[in-house]
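Listed below are the residues making up each chain.
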Amino acid sequence: MLDELQKIREKFPFRYVEVRKHVVNSRVISLMNGELLGVYGEEEKGYSVRYFNGSLFFTSSQDPEDLKPSGEVLEGWSKELIDSEPSAGHYEVEEKAALNSMGLKEKIQLLKEMSKEVLSSDIRSKINNFVLTYSESVESKELVVNEAEITGRVPRVLISYNIVMSGNGRTVNAWSELGESGGLEKLKDLKVQDHLLERVKSLDEVLQRGKGVTPGKKDVVLSPVLSGIMAHESVGHPFEADRVLGREFAQAGTSYLAVQEIRDVGSSVVNVADDPTITGSLGFYLIDDEGVRARRKLLIKEGEVNELLQDRFSARKFNTTSNGSARASGYDREPLVRMSNTFFVPGEMNLRELMEDVKDGIYFKTYMEWNIDDMRLGQRYIALEAYEIRDGELGGPLLFPVLEGKTTDFLRAIDGVDDSLELFPGTCGKGDPDQGIPVSMGGPNMRLRNVHIKVI
Amino acid sequence: MDALKNVDQYAILEISSTSLVVKVVESKVEAVQRLKDRYFNVLLRKGRKFLVTKVTSMDNLEGNLAILDNLPDSKVVPSVLERSGKFSFSKTDQGIMNFMGDASRVAPLLNSRFPIYGTLTSTVITKRLVTSSGFEGEETRTWFQGYFRAKNGDYSGQWAFASTDYDERKIKASLERAEEFASYTGKIDVSDGVYDVILSPLTMGNLMMSTAYLASGYSIITGNSFLSNKRIGEQVASEKFTLRDIPKGEELNSWEFDDEAVPTMNKSIVERGKYVSPLLNLEVAEVMDMKSTGNAGWVYPRPWTLEVSPGEVGEGSLMDGNVILFNNNWYTRFQNRTEGQFSTVGRDATLVIRNGKPVGVAGRVRIADKLGNLLSNIYELSKERYSVAWWDAPLPGVYPYALIKNVHLSKA
Chain A
-19 MLDELQKIRE KFPFRYVEVR KHVVNSRVIS LMNGELLGVY GEEEKGYSVR
31 YFNGSLFFTS SQDPEDLKPS GEVLEGWSKE LIDSEPSAGH YEVEEKAALN
81 SMGLKEKIQL LKEMSKEVLS SDIRSKINNF VLTYSESVES KELVVNEAEI
131 TGRVPRVLIS YNIVMSGNGR TVNAWSELGE SGGLEKLKDL KVQDHLLERV
181 KSLDEVLQRG KGVTPGKKDV VLSPVLSGIM AHESVGHPFE ADRVLGREFA
231 QAGTSYLAVQ EIRDVGSSVV NVADDPTITG SLGFYLIDDE GVRARRKLLI
281 KEGEVNELLQ DRFSARKFNT TSNGSARASG YDREPLVRMS NTFFVPGEMN
331 LRELMEDVKD GIYFKTYMEW NIDDMRLGQR YIALEAYEIR DGELGGPLLF
381 PVLEGKTTDF LRAIDGVDDS LELFPGTCGK GDPDQGIPVS MGGPNMRLRN
431 VHIKVI
Chain B
28 MDALKNVDQY AILEISSTSL VVKVVESKVE AVQRLKDRYF NVLLRKGRKF
78 LVTKVTSMDN LEGNLAILDN LPDSKVVPSV LERSGKFSFS KTDQGIMNFM
128 GDASRVAPLL NSRFPIYGTL TSTVITKRLV TSSGFEGEET RTWFQGYFRA
178 KNGDYSGQWA FASTDYDERK IKASLERAEE FASYTGKIDV SDGVYDVILS
228 PLTMGNLMMS TAYLASGYSI ITGNSFLSNK RIGEQVASEK FTLRDIPKGE
278 ELNSWEFDDE AVPTMNKSIV ERGKYVSPLL NLEVAEVMDM KSTGNAGWVY
328 PRPWTLEVSP GEVGEGSLMD GNVILFNNNW YTRFQNRTEG QFSTVGRDAT
378 LVIRNGKPVG VAGRVRIADK LGNLLSNIYE LSKERYSVAW WDAPLPGVYP
428 YALIKNVHLS KA
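Each protein sequence line maps, in turn, to chains A and B. Residue 95 in this note's numbering sits at position 115 of the first sequence, with consecutive numbering throughout. In this note's numbering, each residue's number is its place in the second sequence (first place is 1) plus 27.
Simulated from the structure, these hints should not be mistaken for lab results.
Here are the simulated lysine-lysine pairs, DSBU-like style, with alpha carbons at most 35 Å apart:
{"no.": "1", "chain 1": "A", "residue 1": "Lys168", "chain 2": "B", "residue 2": "Lys73"}
{"no.": "2", "chain 1": "A", "residue 1": "Lys281", "chain 2": "B", "residue 2": "Lys214"}
{"no.": "3", "chain 1": "B", "residue 1": "Lys257", "chain 2": "A", "residue 2": "Lys181"}
{"no.": "4", "chain 1": "A", "residue 1": "Lys92", "chain 2": "B", "residue 2": "Lys102"}
{"no.": "5", "chain 1": "B", "residue 1": "Lys102", "chain 2": "B", "residue 2": "Lys397"}
{"no.": "6", "chain 1": "A", "residue 1": "Lys171", "chain 2": "A", "residue 2": "Lys345"}
{"no.": "7", "chain 1": "B", "residue 1": "Lys197", "chain 2": "A", "residue 2": "Lys59"}
{"no.": "8", "chain 1": "B", "residue 1": "Lys81", "chain 2": "A", "residue 2": "Lys168"}
{"no.": "9", "chain 1": "B", "residue 1": "Lys410", "chain 2": "B", "residue 2": "Lys438"}
{"no.": "10", "chain 1": "B", "residue 1": "Lys410", "chain 2": "B", "residue 2": "Lys397"}
{"no.": "11", "chain 1": "A", "residue 1": "Lys48", "chain 2": "B", "residue 2": "Lys154"}
{"no.": "12", "chain 1": "A", "residue 1": "Lys434", "chain 2": "B", "residue 2": "Lys257"}
{"no.": "13", "chain 1": "B", "residue 1": "Lys257", "chain 2": "B", "residue 2": "Lys76"}
{"no.": "14", "chain 1": "B", "residue 1": "Lys438", "chain 2": "A", "residue 2": "Lys345"}
{"no.": "15", "chain 1": "B", "residue 1": "Lys55", "chain 2": "A", "residue 2": "Lys59"}
{"no.": "16", "chain 1": "B", "residue 1": "Lys397", "chain 2": "A", "residue 2": "Lys434"}
{"no.": "17", "chain 1": "B", "residue 1": "Lys438", "chain 2": "A", "residue 2": "Lys386"}
{"no.": "18", "chain 1": "A", "residue 1": "Lys85", "chain 2": "B", "residue 2": "Lys318"}
{"no.": "19", "chain 1": "A", "residue 1": "Lys1", "chain 2": "A", "residue 2": "Lys297"}
{"no.": "20", "chain 1": "A", "residue 1": "Lys25", "chain 2": "B", "residue 2": "Lys154"}
{"no.": "21", "chain 1": "A", "residue 1": "Lys191", "chain 2": "B", "residue 2": "Lys397"}
Only chain A is shown next, with the shape it has when bound in the complex (with noise of 0.2 Å):
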């Protein structure tokens, strides 16, 4: 099927080999202020070859005929891999309504309608800024693992915002992303337009109405906003088995699990996962670019360290299986762990019961900052829309409080989720040269007893 790639493999005759022709068009509208700044389009469009001789070897270019293997005799720091028989296949994301079903004078028209209504929002404060952006983009990969042939192909619908809002004598800057993979009926699920209304009327209720922040010991209750960040960043980072050897230790850095030797490092209703195979997430795939057949995996169960996230390379280090957790961002860029659709998995509980027993709490809808070490122990979130819980009850708006602490210290704070579960769209960077790749981050609404809430 894939000739134009088994033509390629045959260059290159070495035990592990991975061919892959990776395509992605993307299309991008942004306005400022309810007027067109630009429409751009971006083609990506190569061909890449990995294979294992005594350490590892990648080459890319967007000519087939380029590929060729080098002569270099190294011994690598990668000696052996787990080289199990490649699943062939294919993997698709459905457009129900195609990208292409609706034409750019239409989608910039629906775009400057949500603007127009954000822009005339019944509102104290002031909007300074507000520039809109929507993407759509189609992945299509094409891979020759040994001898298996895989095909996938993933279309997304991006939405981005920043707003710049000032009012009291106060200024916001405030920028999110709402997206999922599939085609334009994304637009309608996402429920765009009720969420930059209801963002832009809670921004300004901060800036009218918010207090200051008492700093001290509190119990706090986070989001799904801040549960996913969490999770992305507390334990899918941390959890990349790669990073735990040291493969990124100059670039995207180390891990707590390579340095403590910790299995318990949440309470027992602490459950992270990563799962490639949700419809409709932003890492969405079945099969992983080393060839190895995708699955949910269970990175904290109960509290626990459960399951890194595995290559072929790593898994062999760690004399495990790879766990299909291989990816790559574009052709010119090499397979590596990366995380897919990370979340803390929801528990029975519901909202509701999560605050009722909070006398002197605050629940953190939204960050406008966060930051953690290289380590993934150390971390800062500062909310954007914050509001006080009193004696169980929900109320006013806060002024910025700051959440920083340890991720161990976070995690076995947590006493209880909540049974929602919301995906947020990210982009996760890693490697040299640098790549971004699609990701979903979220989970449930969670509780947090007793944490150090700092003032900025």
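Using the hints, position chain B against chain A.
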């Protein structure tokens, strides 16, 4: 192409590059990557309609031309300079070309006390720009860059270099400095508070990259910059501080013309603490009633390569007294670009220096402050400067060490 006759203005920017990237893990070569890329960035403009598209072949442009007619007018429209004629520039280094042919040369260079991690990258890059005004420019450059992180148990040090020629001494010097930082041991607890800090050239590289992007005219007109509400000539930083964009120099990412065929120029963004200029392309300059600074980017102006002017003291004398020195940082995140409020996490050796001597290494402390405060509180800069770029500070630049007073640190 005949089809291009149907537009008012066009620009075709072809980028061709060949790179060798050698990734090093535990002082061994982990991956040898050879990457060959060629793509065309195309700007098409008809009145106030425009389209920017990236294609792998000019044959794929036809569909885009059809789209253009159906677009509404845009608010900010990219333009190209009325400049015709041919321009050609080439500056390549044979040492870099030789290195690209044989990655096995890396292995003997990795002798070190501690396990070394990092990347060496060599690139030959050609940029060609053809515009509807009759400009045909071509420029070829070679780049060589690397960064190393040395691991000494729980401690680490990192350094980098960025160069336009192959020089093994730069590799060796980077390894040595990474090892020197990694050799400091002993943990010292640093609590939240206000400290005098020294930022290494690597840390400066990260924060100056942010500063330069916030000085882009696009960031300013959209209100997404702490410079948005500053007047030209206003004091925004310490008098000791001068930040320049220097594409006409010898540094990596130097170029002779920008994406709109405007000749690049060296210019100050901040000169002795005074805000001198945003970085501009033709269209953002028009919005701001200014002139292009040769920093296009269509729609989004961007910096090329930066420098912070040197100070008058040796880097060693900055460390007199009680200070905290950041060898490196990462994950710089702004919570509010309008206010310049951000935090960034210390990485590698964050040295606690008391009475002029390193006494240990702080845990992972973060700087949590306003960028404007940092720039205003620059107290002294070293006369030694280093050309650096690394994974989390990819924009090349030449930076001194900086002593900054009263910086807010926070610790998880």
